[in-house]
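So the sequences go chain by chain: A and B. For the record, in the first sequence the residue sitting at position 31 is 31 according to our numbering, with numbers rising by one throughout. So the number in our numbering is just where the residue sits in the second sequence, counting from 1, plus 1000.
Hints should not be assumed to be uniformly reliable.
Pairs of lysine to aspartate or glutamate residues, derived as DMTMM-like cross-links and limited to a Cα-Cα distance of at most 20 Å, are as follows [as the list claims (entries may be wrong)]:
1) B:K1055 x A:E102
2) B:K1017 x B:D1084
3) A:K11 x A:E83
4) B:K1003 x B:D1067
5) B:K1104 x A:E83
6) B:K1063 x A:E102
7) B:K1057 x A:E102
8) B:K1104 x B:E1015
9) B:K1017 x B:E1054
10) B:K1059 x A:E102
11) B:K1071 x B:E1005
12) B:K1063 x B:D1084
13) A:K78 x A:E102
14) B:K1104 x A:D86
15) B:K1003 x A:E44
16) A:K62 x A:E83
17) A:K78 x A:E44
18) B:K1104 x B:E1005
19) A:K62 x A:E44
20) B:K1104 x A:E102
21) B:K1003 x A:D56
22) B:K1071 x B:E1056
Covered stretches of chain A (chain B as the covering partner; in silico rule of three or more C-beta atoms under 8 Å from a C-beta of chain B) [what the hints assert, rightly or not]:
23) 61–72
24) 75–81
In short, the hints are calculated from the structure, not lab data. Even glycine gets a Cβ: it sits at the ideal position worked out from N, Cα and C.
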Amino acid sequence: DARVTQTPRHKVTEMGQEVTMRCQPILGHNTVFWYRQTMMQGLELLAYFRNRAPLDDSGMPKDRFSAEMPDATLATLKIQPSEPRDSAVYFCASGLSYRAGEQFFGPGTRLTVL
Amino acid sequence: SQKIEQNSEALNIQEGKTATLTCNYTNYSPAYLQWYRQDPGRGPVFLLLIRENEKEKRKERLKVTFDTTLKQSLFHITASQPADSATYLCALPNSGYSTLTFGKGTMLLVSP
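With the hints as constraints, model all of the structure from the sequences given.
Rendered as structure tokens:
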């Protein structure tokens, strides 16, 4: 059955290192979202793509975060340099823009920055 | 942007009872509202969407209401089971209906 996949599932790194998270959306979905979830802030939208074009990345710290969709089967979220405050679970979700916003989430990447 | 409030305290109920979770929002009333379930270590899973003209929607043991006057949605699980234990999040679309804003969720614990 179709599902969103994310790699890696867990990542432990040291402050200052580059982190790259990958997402494969459900085939045929034309919208992709990146979220960050923490206990304090809940689920926050970082970036949003439609038909591979970035439409909104206002939720991302621009100086260190970047999101891309090199092709329809791959979305990436990069943090460079990483900081301890970036420790969180990062979710990718995909959907169809005409389906009233129903989103399908991946299992998440749990990032710990030491 | 929309501000969403869900009870941050966990709701503890006994198996067989009805659980009722609340979602309040403060700004504009959107054309629809969604509910998701999240289990520990997993991503949220879509459960139900209710439109502003529906007032009430049911799916198996789930019932959702949407009161645009009160700016509130209620999420009910009847005949609750321990397997219903999870965190439940409500989500509202932004004004452009392109993205969702999620509440922080309410944890439900159903004891046998």
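Status of the hints after comparison with the structure:
Our distance criterion of 20 Å between C-alpha atoms is met by B:K1055 and A:E102, whose separation comes to about 19 Å. As the CA atoms of B:K1017 and B:D1084 are separated by approximately 12 Å, the hinted pair is consistent with the 20 Å bound. For the given pair, A:K11 sits about 13 Å from A:E83 by alpha-carbon distance, which is consistent with the 20 Å threshold. The suggested pairing of B:K1003 with B:D1067 holds, with an alpha-carbon distance near 16 Å, which does not exceed 20 Å.
Simply put, B:K1104 and A:E83 have alpha-carbon atoms about 24 Å apart, too far for the 20 Å limit, and the pair is violated. Taking the CA atoms of B:K1063 and A:E102, the gap is about 18 Å. The hint holds against a cut of 20 Å. For the suggested pair B:K1057 and A:E102, the alpha carbons sit about 16 Å apart, so the restraint of at most 20 Å is met. The suggested pairing of B:K1104 with B:E1015 is violated, with an alpha-carbon distance near 24 Å, which exceeds 20 Å.
With a CA separation close to 25 Å, the supplied pair B:K1017 and B:E1054 exceeds the 20 Å bound. Note on B:K1059 and A:E102: the hinted pairing holds, with a Cα-Cα distance of about 16 Å set against a maximum of 20 Å. Of the supplied pair hints, the one linking B:K1071 and B:E1005 holds, its CA atoms being roughly 11 Å apart against a limit of 20 Å. Restraint check: the Cα-Cα separation between B:K1063 and B:D1084 comes to about 14 Å, which is no more than 20 Å; the hinted pair holds.
The suggested pairing of A:K78 with A:E102 is violated, with an alpha-carbon distance near 25 Å, which exceeds 20 Å. Using a Cα cut-off of 20 Å, the hinted pair B:K1104 and A:D86 holds, with the two alpha carbons roughly 18 Å apart. This hinted pair checks out: B:K1003 and A:E44 have alpha carbons roughly 12 Å apart, not beyond 20 Å. Of the supplied pair hints, the one linking A:K62 and A:E83 holds, its CA atoms being roughly 14 Å apart against a limit of 20 Å.
Distance check on the hinted pair: A:K78 and A:E44 sit about 16 Å apart at the alpha-carbon level, within 20 Å; holds. The hinted pair formed by B:K1104 and B:E1005 meets the criterion: a straight-line CA distance of about 8 Å does not exceed 20 Å. Distance hint between A:K62 and A:E44 is fulfilled; the C-alpha atoms sit about 15 Å from each other, no more than 20 Å. Proximity of B:K1104 to A:E102 is assessed by CA-CA distance (about 18 Å); at most 20 Å being required, the pair is judged to hold.
A distance of roughly 19 Å separates the Cα atoms of B:K1003 and A:D56; the hinted pair therefore holds under the 20 Å criterion. In summary, the hint linking B:K1071 to B:E1056 is supported, as the alpha carbons are separated by about 14 Å, within the 20 Å threshold. Counting residues of the segment 61–72 of chain A whose CB lies closer than 8 Å to any CB of chain B gives 0, which falls below the minimum of 3, so the coverage claim is violated. With 0 residues carrying a beta carbon less than 8 Å from a beta carbon of chain B, the segment 75–81 of chain A misses the three-residue requirement, and the given coverage is violated.
Hint compliance for this structure: hints 5, 8, 9, 13, 23, 24 are broken, all remaining hints hold.
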